[in-house]
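**Student:** Construct the entire structure; sequences and hints are all you get.
Protein sequences appear in the order of chains A and B. Residues in the first sequence are numbered from 1 upward in steps of one, following the numbering used here. Residues in the second sequence are numbered from 1 upward in steps of one, following the numbering used here.
Simulated restraints on C-beta separations:
no.: 1; chain 1: A; residue 1: Gly144; chain 2: B; residue 2: Ile69; range: 50 to 56 Å
no.: 2; chain 1: B; residue 1: Ile242; chain 2: A; residue 2: Ala115; range: 53 to 59 Å
no.: 3; chain 1: B; residue 1: Ile247; chain 2: A; residue 2: Lys188; range: 57 to 63 Å
no.: 4; chain 1: B; residue 1: Ile69; chain 2: A; residue 2: Glu117; range: 41 to 47 Å
no.: 5; chain 1: A; residue 1: Glu116; chain 2: B; residue 2: Leu249; range: 46 to 52 Å
no.: 6; chain 1: A; residue 1: Lys188; chain 2: B; residue 2: Leu264; range: 36 to 42 Å
no.: 7; chain 1: B; residue 1: Arg178; chain 2: A; residue 2: Glu116; range: 21 to 27 Å
no.: 8; chain 1: B; residue 1: Ile242; chain 2: A; residue 2: Glu117; range: 46 to 52 Å
no.: 9; chain 1: B; residue 1: Gly23; chain 2: A; residue 2: Glu140; range: 44 to 50 Å
no.: 10; chain 1: B; residue 1: Met105; chain 2: A; residue 2: Leu175; range: 43 to 49 Å
no.: 11; chain 1: B; residue 1: Leu7; chain 2: A; residue 2: Glu140; range: 48 to 54 Å
no.: 12; chain 1: A; residue 1: Thr338; chain 2: B; residue 2: Glu260; range: 50 to 56 Å
Since the hints were derived computationally from the structure, they do not count as laboratory data. Since the model is a prediction, treat every value here as computed from it, not as a measurement. Glycine included, each C-beta is placed from N, C-alpha and C at the ideal position.
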Amino acid sequence: MNMALTDPPMISITGLSKYYGNYPAVSQMDLDIRAGEFFSLLGPSGCGKTTLLRMIAGFVEPSEGSIHIDGQDVTGLSANRRPTNMVFQNYAIFPHLNVEENVGYGLKRMRLEKAEEKRRIGEALEQVRLSHLGGRRAHELSGGQRQRVALARALVMRPKVLLLDEPLSALDKKLREEMQVELRSLQKAVGITFILVTHDQYEALAMSDRIAVMFAGKLEQVATPKEIYQRPRTRKVADFLGGMNFLNARLVGERAGTVSVEAAKFGAVNLSKPQGFTATNGHVTVGIRPERLRLLWDDDRAEHELIGRVENRAYFGEVTHLTIGVEGLEQPLSIVETNNFGADDLPIGADIRLAYDPDAFVLLAEDEAVKA
Amino acid sequence: MRNGFKLPLLPAFVILYFVFLYGPILLIPIFSFNNAAATTFPLAGFTTKWYGQLPGNSALLTAARNSMIVGVTVSLLSTLLAICAARAVTRYRFRGKKTMSGIIMAPLILPEIIIAISLLMILLQFGLGLSLFTVILGQTLFCIPYSMSVLISGFEGFDRSLEEASTDLGETAFGTFRRVTLPVVAPAILSSLLVSFTISLDEFILAFFLSGTEPTLPVYIWGQLRFAAKLPSVLALGTLMILASVILLTVAEIIRRRAESRRLQYEHGTH
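**Tutor:** So, in structure tokens, the structure goes:
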């Protein structure tokens with residue numbers, strides 16, 4: 001999707017906080033979400049992502065700060081007057097109404113002509129591929145079908161922003177993966193701004209244009225999935241999004257945008273500075289993803305090599321996770337290998353050689369919140 | 001070791017139990033169709049004349065009308081009050097919640113005659129004359145726990161996000177109540193109305209103490225028992241009341257169970 005960074009944001013959040021007693025569920029948050037964007041709020045449970053979503057929807061009143069949607073200040077507006085619609089975690093399908101009546105629920109208040117109402121219900125059901133089940137009741141639907149009804153019921157209102165509160169968490173793995181693809185293409189088709197709340201990093205990576213990673217009521221990083229994964233800003237973000245080998249390193253040189261660090265056994269590497277980076281007395285943390293380390297077989301040669309010993313092995317079908325002890329490193333290294341070359345048969349205790357790419361290292365800032 | 005001559009003790013017990021429980025009740029409809037004023041065997045032949053006499057009895061009609069007024073008012077009042085209490089208990093967390101529900105449910109276990117006497121004392125103290133109004137007050141107090149238990153089980157299954165979803169779709173608070181909350185809990189409310197009406201219809205002790213000169217049906221029946229000649233028409237009336245109670249309670253239970261099973265089915269599908 002073609003979006004200029006200078007377009008006015010669809011959602012603009014300024015200085016937003018929510019306190020429960022003295023506990024800050026969301027604290028001093030600034031965030032802009034662009035029109036037509038698939039935006040995910042990712043974080044562990046209790047990080048405030050659902051509270052933030054419910055403040056946008058109008059179910060939770062902010063303690064301070066403001067929310068603008070499409071230029072309009074909605075901070076004091078009740079939920080039924082906001083241009084947002086929500087897909088609830090448990091779907092909240094009205095049990096006394098059938099599928100069509102559920103989808104048409106919000107249209108009733110608009111007092112449309114009967115034919116127009118029917119047309120829009122039909123269109124929404126078609127979008128979620130449920131046209132054949134219009135007469136069914138909620139208790140006659142499967143989990144996946146209920147999710148589609150909830151989606152159609154929200155989409156039929158043509159909201160400016162669609163809010164999704166962990167919509168896939170109640171589905172089994174296979175259905176969840178199908179729905180990820182479907183939700184993503186549906187969003188591109190209707191062009192509505194989607195905000196998804198999830199604690200599943202793969203879901204966020206697979207579906208989003210941008211991801212905001214939240215911890216303890218604060219934004220740790222807001223970026224594209226690729227950037228979040230490849231260039232996590234802090235150790236927390238790196239840790240939350242998949243595996244990461246953390247290494248202590250020493251700062252040996254610093255220039256405008258880059259620094260040189262030296263990590264035991266890996267030598268000196270040049271890295272770009274993350275936002276908010278400060279080195280405390282020359283000690284820094286760098287990280288490298290397990291799949292960026294590679295086993296070398298027989299005659300394989302690489303520019304940068306390490307020698308180690310297999311300490312542990314776990315078989316995951318398509319990949320094998322290996323723990324490699326390297327002399328001179330405090331922690332063993334985790335690596336992930338596809339099972340093409342026999343990594344799954346490596347005996348524990350075997351001596352092996354590893355290759356790494358110095359460009360794969362990331363420099364991590366101290367954990368503290370960022371302003372997006 | 002298996003004993004081939006084992007006595008069928010359990011079936012025998014069950015049969016005896018049912019005979020003991022329902023035998024006497026069964027006598028009422030039997031004698032109500034008996035063509036004799038005395039309730040003795042052998043039966044003297046079939047007649048419907050006792051039923052035929054009922055509509056001509058103005059005292060009985062007045063008592064029936066009183067019972068209807070009391071029953072309808074009590075069921076509405078106790079259901080209305082129990083809706084508020086049941087919603088508070090199922091929806092909110094507050095201090096003294098357990099104590100509060102305990103006190104509301106207390107009339108279930110307190111001896112009814114104690115409630116009746118204490119109410120009588122208080123009403124007389126306040127100078128309130130005994131009337132249908134005082135019966136309504138007493139029976140409402142007595143019916144609320146029954147309404148509460150029916151309604152709590154109905155409300156507990158109510159998913160709060162349904163109301164949020166309705167609000168989210170643009171509906172007002174009142175519209176949400178009318179279009180979502182009420183229809184979803186309607187079976188429980190209907191069930192509570194029927195149960196409290198049935199209890200009020202049959203209730204004797206409170207009505208006896210508090211009705212003054214305006215008898216309800218059970219109080220009227222009690223009065224008629226002094227006259228042996230009136231017994232058969234009392235039996236006919238009793239038969240009709242049994243029939244009404246059974247039908248109302250059955251309907252209430254069917255409504256409750258249907259709503260319950262639909263809810264379980266729904267929840268089962270979600271998880």
